[in-house]
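Now for the letters of each chain:
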Amino acid sequence: MMRRILIVDDERHLRLLYRRELEDDGFQVVEAATAEEGIRAFEQQRPDLIVMDIRMPGMNGLEAMARILDKDRRVPIVLNTAFDSYRDDFTSWAADAYVTKGPDTEELKRTVRKLLEEREHLGPGEL
Amino acid sequence: MDRTATRNASLHPDTLKTVLAFVLAGGKGERLYPLTKDRSKPAVPFGGTYRIIDFTLSNCVNSGLKRICVLTQYKAHSLMRHVKEGWHLFASELGEFIYTIPPQLRVGSTWYLGTADAIYQNVYTLEEERPAHTLILSGDHIYRMDYRDMLAEHLEREADVTIAVLEVPARDASRFGVLELGPNQEVTGFREKPQDLDPEGPGVVANMGVYLFRTDVLVQSVCRDARRDDTHHDFGHDVLPGLVRAGARVHAHVFRGAGSAAMPFWMDIGTLDAYFDASQDLISVSPQFNLYDRSWPIRSAAIQAPPAKFVFAGGEKGRIGEAHDSLVSPGCIVSGGHVERAILGPGCRINSWSVVEDAILMDGVEVGRHAIVRRAIIDKGVRIPPGFQVGVDPDADRRRFTVTERGLVAIPKGENLEGLT
Chain A
1 MMRRILIVDD ERHLRLLYRR ELEDDGFQVV EAATAEEGIR AFEQQRPDLI VMDIRMPGMN
61 GLEAMARILD KDRRVPIVLN TAFDSYRDDF TSWAADAYVT KGPDTEELKR TVRKLLEERE
121 HLGPGEL
Chain B
1 MDRTATRNAS LHPDTLKTVL AFVLAGGKGE RLYPLTKDRS KPAVPFGGTY RIIDFTLSNC
61 VNSGLKRICV LTQYKAHSLM RHVKEGWHLF ASELGEFIYT IPPQLRVGST WYLGTADAIY
121 QNVYTLEEER PAHTLILSGD HIYRMDYRDM LAEHLEREAD VTIAVLEVPA RDASRFGVLE
181 LGPNQEVTGF REKPQDLDPE GPGVVANMGV YLFRTDVLVQ SVCRDARRDD THHDFGHDVL
241 PGLVRAGARV HAHVFRGAGS AAMPFWMDIG TLDAYFDASQ DLISVSPQFN LYDRSWPIRS
301 AAIQAPPAKF VFAGGEKGRI GEAHDSLVSP GCIVSGGHVE RAILGPGCRI NSWSVVEDAI
361 LMDGVEVGRH AIVRRAIIDK GVRIPPGFQV GVDPDADRRR FTVTERGLVA IPKGENLEGL
421 T
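First to last, the sequence lines map onto chains A and B.
Using the working numbering, the first residue of the first sequence is number 1, and each one after it goes up by one.
Using the working numbering, the first residue of the second sequence is number 1, and each one after it goes up by one.
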């Protein structure tokens, strides 16, 4: 079954890049350009994993993550930001992974694969 | 004997500023109904002029901890008003504060699912304050404790989390989380409310629900717990056993009490009968919990009321205003009535030829002439009509009021008894 990934990021070029790379890896990709759109897309599309930017116009990604986890506490979320400083922010610690944006998408793709594999091997409730 | 001075010599005063206290004050206290009809358990009046939360808050202040967040939820109005009126003694210029925080619904859309979820939903506050260590307390308990002892031990052992424990008899183990300890007081195992222990067997080590965490470990643990859907989202049930299994440094601190009592005292007032017993203890000549111990004062909201007054020294058909073995709060007038083994909250009035025995009357209760009140808890503002009897005819009491297994009568706040027979 094809896994569905939701990318929430306000940078269009980055969303395009991630879409291409993740589709090459065999994933289906859904995009959202704002946190609010991301929450709506989550509710409608029920993705298997979310890649979430933090700094976006309007609501930020940390708040969007909290709201999404309130609806589904188990959906894996990867925070993906250009700023390493959010790593120490306690409100980012509910995320499954934190990947800093860089020229190379390899770490992000590796993290996505790893989290999805882990989910398949775990029983209900475990993380 | 001032034990605190010697015990905490190693703790630098600035260290206390690295600690934030969360007081969990959302308890419904269903088994204390009807005292919890309009208020949460920590807001239930106790000892005449106090509320249950005052004991924990006094422990904080006496321990020098002045960064406190009181997490409320259920029927919080009474509690928030009490904290506002009674506990505004913090200097914000010095970084001191007490906040009452209702559920923010910032992270969750529901009320707190458990103790760990309460902290998860307030991670934002931890990010704002960035304390090195976080003390988690319950607003439901009656005890004196110097949290500095616990902090000193927590730091010395370099613990990830320190749990306050007390030894309880095996017959009480089924009410507690029971801990297994290694030779250096490290926690090696948990059993939640074990039912299979020999009641005559050796005492067990019980979890008091007082936790001191390294804040990073706390945030990690509650975030991990929040991502699971197979837990109670509770520290005792889930988070602490999980930390022990994961090999974290979980240390047990043996509760020693504070103040000048010879024996440390701790109590979770869970039921109306327990509430009554704890109240009767306060009255006794040598109480286990002494409100008059000035070395570890318990404070509360100041009461603006004149002194208690006793009138009628006898004469007309035994009309004597008197109280024996009782606590009588300011503003009370014992006017020709007889009070024995009772606690009168502020502003009660006991009228002529009435009898109040083995009873707890909260603020503003009026007992009419010739009325009898025995073995009863009367909540605020109730007017006992002249000649009315409570605690005399058990069948009549059961028809009209809440009556406990042991036959105590409880009458809720503001209940109108006019016309009841």
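Misleading hints may appear alongside valid ones.
Beta-carbon label-pair distances, calculated as ranges [to be verified]:
1) A:Asp-70 to B:Pro-194: 30 to 36 Å
2) B:Pro-297 to A:Glu-11: 58 to 64 Å
3) B:Asp-38 to A:Asp-89: 37 to 43 Å
4) B:Asn-184 to A:Glu-120: 38 to 44 Å
5) B:Tyr-99 to A:Glu-118: 34 to 40 Å
6) B:Pro-287 to A:Asp-89: 30 to 36 Å
7) A:Asp-70 to B:Lys-28: 42 to 48 Å
8) B:Glu-180 to A:His-13: 38 to 44 Å
9) B:Asp-172 to A:Asp-25: 43 to 49 Å
10) B:Glu-129 to A:Asp-25: 39 to 45 Å
Residues on chain B that point at chain A, a partial pick, calculated with CB under 7 Å [what the hints assert, rightly or not]:
11) Phe-97
12) Tyr-99
13) Leu-126
14) Glu-127
15) Leu-197
16) Val-219
17) Arg-227
18) Asp-229
Once the Cα atoms are required to be at most 30 Å apart in a straight line, the calculated DSSO-like pairs of lysine-lysine come out as [claimed, not checked]:
19) B:Lys-17 to B:Lys-84
20) B:Lys-309 to B:Lys-193
21) B:Lys-413 to A:Lys-71
22) B:Lys-84 to B:Lys-317
23) B:Lys-380 to B:Lys-17
24) A:Lys-71 to B:Lys-28
To be clear, the hints were calculated from the coordinates, so they are not data collected in a lab.
Quick reminder that beta carbons are idealized off the backbone N, C-alpha and C, glycines included.
Evaluated hints:
In this structure, Asp-70 of chain A and Pro-194 of chain B meet the distance hint of 30 to 36 Å, their C-beta atoms being roughly 34 Å apart. Checked against the given bound of 58 to 64 Å, the beta carbons of Pro-297 of chain B and Glu-11 of chain A, roughly 60 Å apart, stay inside it. Distance hint check for Asp-38 of chain B and Asp-89 of chain A: the Cβ-Cβ separation is about 39 Å, which falls inside the suggested range of 37 to 43 Å. In this structure the supplied range 38 to 44 Å holds for Asn-184 of chain B paired with Glu-120 of chain A, their Cβ-Cβ distance being about 41 Å.
For Tyr-99 of chain B and Glu-118 of chain A, the Cβ-Cβ distance of about 38 Å falls inside the hinted range of 34 to 40 Å, so the restraint holds. At about 48 Å, the CB distance of Pro-287 of chain B to Asp-89 of chain A disagrees with the hint of 30 to 36 Å. Against the hinted window of 42 to 48 Å, the Cβ-Cβ separation of Asp-70 of chain A and Lys-28 of chain B comes to about 22 Å, which falls outside the hint. A C-beta distance of roughly 57 Å is found between Glu-180 of chain B and His-13 of chain A, which places it outside the suggested range of 38 to 44 Å.
With their beta carbons about 58 Å apart, Asp-172 of chain B and Asp-25 of chain A fall outside the hinted range of 43 to 49 Å. Separated by about 42 Å at the C-beta atoms, Glu-129 of chain B and Asp-25 of chain A satisfy the suggested range of 39 to 45 Å. Residue-level restraint check for Phe-97 of chain B is violated (minimum Cβ-Cβ distance to chain A is 19 Å; threshold 7 Å). Interface restraint check for Tyr-99 of chain B: the shortest CB-CB distance to chain A comes to about 17 Å, outside 7 Å, so the restraint is violated.
A least Cβ separation of about 5 Å between Leu-126 of chain B and chain A falls short of the 7 Å threshold, and the interface hint therefore holds. Because the beta carbon of Glu-127 of chain B sits about 4 Å from the nearest beta carbon in chain A, less than 7 Å, this interface hint is met. The interface hint given for Leu-197 of chain B is broken, as the beta carbon of that residue sits about 29 Å from the closest beta carbon of chain A, more than 7 Å. The restraint placing Val-219 of chain B at the interface with chain A holds, with a minimum CB-CB distance near 5 Å, inside the 7 Å limit.
For Arg-227 of chain B, the shortest C-beta to C-beta distance to chain A is roughly 5 Å, which falls under 7 Å, so the interface hint holds. With its C-beta approaching chain A no nearer than about 5 Å, Asp-229 of chain B sits inside the 7 Å limit, and its interface hint holds. The straight-line distance between the Cα atoms of Lys-17 of chain B and Lys-84 of chain B is roughly 22 Å, inside the 30 Å bound, and the hint therefore holds. For the given pair, Lys-309 of chain B sits about 48 Å from Lys-193 of chain B by alpha-carbon distance, which is inconsistent with the 30 Å threshold.
Our distance criterion of 30 Å between C-alpha atoms is broken by Lys-413 of chain B and Lys-71 of chain A, whose separation comes to about 39 Å. For the hint pairing Lys-84 of chain B with Lys-317 of chain B, the CA-to-CA distance comes to about 47 Å; that exceeds 30 Å, so the pair is violated. Proximity of Lys-380 of chain B to Lys-17 of chain B is assessed by CA-CA distance (about 39 Å); at most 30 Å being required, the pair is judged violated. A distance of roughly 25 Å separates the Cα atoms of Lys-71 of chain A and Lys-28 of chain B; the hinted pair therefore holds under the 30 Å criterion.
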